[in-house]
Amino acid sequence: MVRIRRAEEHFIGQFEGRIKFLVLGIFFCFAFLWFSCWRIQILHGEWFVELARNNRVRKIIIPAPRGNIYDRKGVILADNRPSFDVEVVIEDIPNEKKNSIVHKLASILDISEETILRKIQISRHVPYVPEKIVRDINMQQLNMIMENREYFPGISIQPTPVRDYRFGPHASHVLGYIGKLSSEEYKRLKSESYFMQDYIGKMGIEKELERYLKGEHGGMQVQVDNRGYTDDILGVKEPVPGSNVYLTIDHHLQMYIESLMMDHTGAVVVMDVRNGDVLAMASFPEYDPNLFVKPTSTEIIRELFQSKHKYLINKAIREVYPPGSTFKMLVALSAMESSGLTIADKYYCNGSFVMGKFTWKCWHKAGHGWVNVIEAIRYSCNVFFYNLGHKMIGVHQIHNWADQFGFGKKTGILLDAESAGVNPDKTWKKYTLNLPWYPGDTINLSIGQGFMLVTPLQLVSFMVAIANRGELLQPRLVERVVSNTGEVLQSFPRVVLNKIKMSENTYKVIAEGMKEVVQHDYGTGKKAAVKDIPVSGKTGTIQMGTPQNRIHHAWFCGFAPSDNPEIAFIILVEQGTSGGTYAAPIAGKIVDFYFKNKPQVLANQQDME
Amino acid sequence: MKKIGLISHLNYPLLSVTVLLITVGLAFIYSASYQITIETNAQINYSSKQVVWSVIGIICFVAILLYGYDRIMKLSYLIYIANILLLILVFVIGATRYGSQRWIQVGGLVLQPSEFAKITIIITLSKYLSMNLQNYRSIWFLLKAMILTFFPMVLILRQPDLGTSLVFIPIFFTMVFVAGTPLKHLLLLIGTGITAVPFFWFFLLKDYQKNRIRVFWDPNLDPAGLGYQAIQSKIAVGSGGLFGKGWLHGTQNQLNFLPKRYTDFIFSVIGEEWGFLGVSFVLLLYFLLIIIGIYIASKSKDSFGKLLACGISVMILAHVIINVGMTIGIMPITGLPLLFLSYGGSSMLTAIISVALLESIWVKRKYDY
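Chains as they are written, first to last, in the working numbering: chain A, 1 to 609; chain B, 1001 to 1369.
Calculated pairs, SDA-like style, for lysine to any residue (alpha carbon to alpha carbon, straight line, at most 20 angstroms):
1) B/K1184 to A/H10
2) B/K1074 to A/I4
3) A/K59 to A/L189
4) A/K410 to A/N498
5) A/K97 to B/P1259
6) B/K1184 to B/R1137
7) A/K20 to B/L1186
8) B/K1299 to A/Q14
9) B/K1144 to A/A7
Hints were generated in silico from the structure; no laboratory data involved.
Modelling step: build the complete structure from the supplied sequences, incorporating the hints.
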């Protein structure tokens, strides 16, 4: 017992000492906890306030619907439709549920789980920014996801307006297409309120009038809960829809031309002679711009960009060709205006033209006999023009006149990637090829072969200028841009590029030649003739490529009606061996269609006013 | 009727601090489960359930006070064995939640024997140590106490419940320390313990527990999963600032960013809605509670009472450090409730029983009944 009492006493003695250490420890622990709370709540408090705000407040972009594109009569060519897109915010998916969500989603959307996982990986790069998994799901998929919403935390459906090109490949080279911003574009444009997944016009009107069509994105600040569901809307900025663009294109005419050219490659442009309106512009083959908006396989996209068919190239303004015989009017015109050529002047065509040891052939081997300028145009006699070019005028003069008519220069049409073509002369050849100009070059040039390169649009402008007796108009593709509130933001007046001095006589001779091409019994463009409407025109057949690998393209250009021209046109059929056979009939049908449907055109225009 | 007299001998500061803590707890369980209450049309209302548990707690409080801690001492080993059996029973009929088997359902009540095991081991160690004080110089004095602690601790660790079993370590060391074990024995034991850490890491800890510790070092290892809780809790507390966002107005809380917020993470809600001032207030209450506990230990008339009061104080301290520490990111996340504040019947009973034992020691100091 004594021992126990002594142990008890010893215990009490040391206990008082040891609990002092304990109390010290308690003090220390609380001081540390208190300090830690102070550190995160007061010292770093603002940082955590910011984090909590990021947790609950999301900025959702409300994309502005892109402006519509109409034809001249108000037919909608491009507008917007809702697309239901599946989006993911990875931070909102509970980790343990990730696999089951991906699995279920893959079966509903009928895509592989790897695709979804890859999108989720991308989504990790920027926290809390939704990444689209699949765009444009169908109604059945939409219903299945919406009904099982609670099983899909972090997955949401976002209805977004997407571009809808109503008629598919219709007028696709004029309209162009839109595509997602590339990363360079995003870096450049994010200050101009583009967002990362945004679309931008990449070609055609979509690109040229991007600033009008785009509109202004709205935004919404929402408070979300831990599953990312909207709990409260904190503020909304409504989007401003893009402005509407009215083209000069005539939807029906364009449609008809497309049906004519369906099986060909080439280009067609129809212009209103009086004001330069581009009534139709088509390049073949066309492509469907919807492919860039819809989910499209990369193979198809790659095909569009890399195919030898050059689907995305607008041949009417981008590709250059020798003008061929269509250039003969220019040579004749310059000879009459500058060198005193009259209809009395004749040259003898025996089927070829010899200069030194070289021989140039006329397309008609037997020769055309004695021909004057009107007959030379009617028959498209090469020898006459060889003589003209070689003996009468020369390269300098041809170059100057071609320059007056806008060859070698861009027309300035409101489309991207227009080519200037080549209007050659001595300096040009020296500069680009470092070779002197040979007389043979002039001979080739006088029938539109050789170094001369033009776009179909330049040729049709040339036609407009002839029909207008020398007034060269800028092709007008856009009539006006109208804001969503109806305010006209920009209108596009008739622009005269050049007034070419041209005598009445010269006009009459050239016009008569072109008239006879179609209306004379032996004219080369007889197949362009239309009942009731006198058509004027000129065929052209051009040779391209090497002698071993020759290809021929067929031209037909002209205007109608002959006496009081309203429209001018250019038809290019690639791989067509003769302008008279391949291109002229199409021109005839276009003229016929245009004038048959004209009353309707006028009536509609009156309706609009 | 002699027992009525003990009312005037109660330690009222201790009682007030307890009542304040429980009140704060109820208020924040209400706030933390507010959205759940709304969503379920008040079918589930955790704060009123907690009121029921508090009432049961008060009954226990009165019962223990009337019975007296010295009589409980006599039953120590019985309680110890009963608790061990309950812990074994958990493995047989226990309910599994969140991947661990910790609960026994009795009728409508769900009990967590590991919660009571903490009190049990304190009572048992107090009894053992106070009965063997004369052997304090022997290494066996220490080792036998360790073996007593070891059984319930391993059983709990196997449930698995890392947080609760961790609490046993400070309890054990503090109690043998104040019982007078020679420091060299203690240092020897601690040294052995540290060498055994790799053994624990490779053989005893389950993968999910290891992951928790890994994520503790770097919560961004798994921001949507394990680290999520750590990050969100820290954001909640930190964004509270000085004054907090106001009761029922914490965005982390009300928008459901904080998991387990009415149980283990109740402190985050307090931090968010009441700010640094509220946090300081709550910490002050705990500090007072623990210091009063130590004061009672120092005033107790016998060695059993002293050891018991010390053990209880340290247990509460350990809970506060581990729990508050994990909500502010200075401790790994282990499923441990914050006594008095967290929702949960067993932890509420544990808390109230602890206070009842302290009161009993205080009263019996000069007023025996």
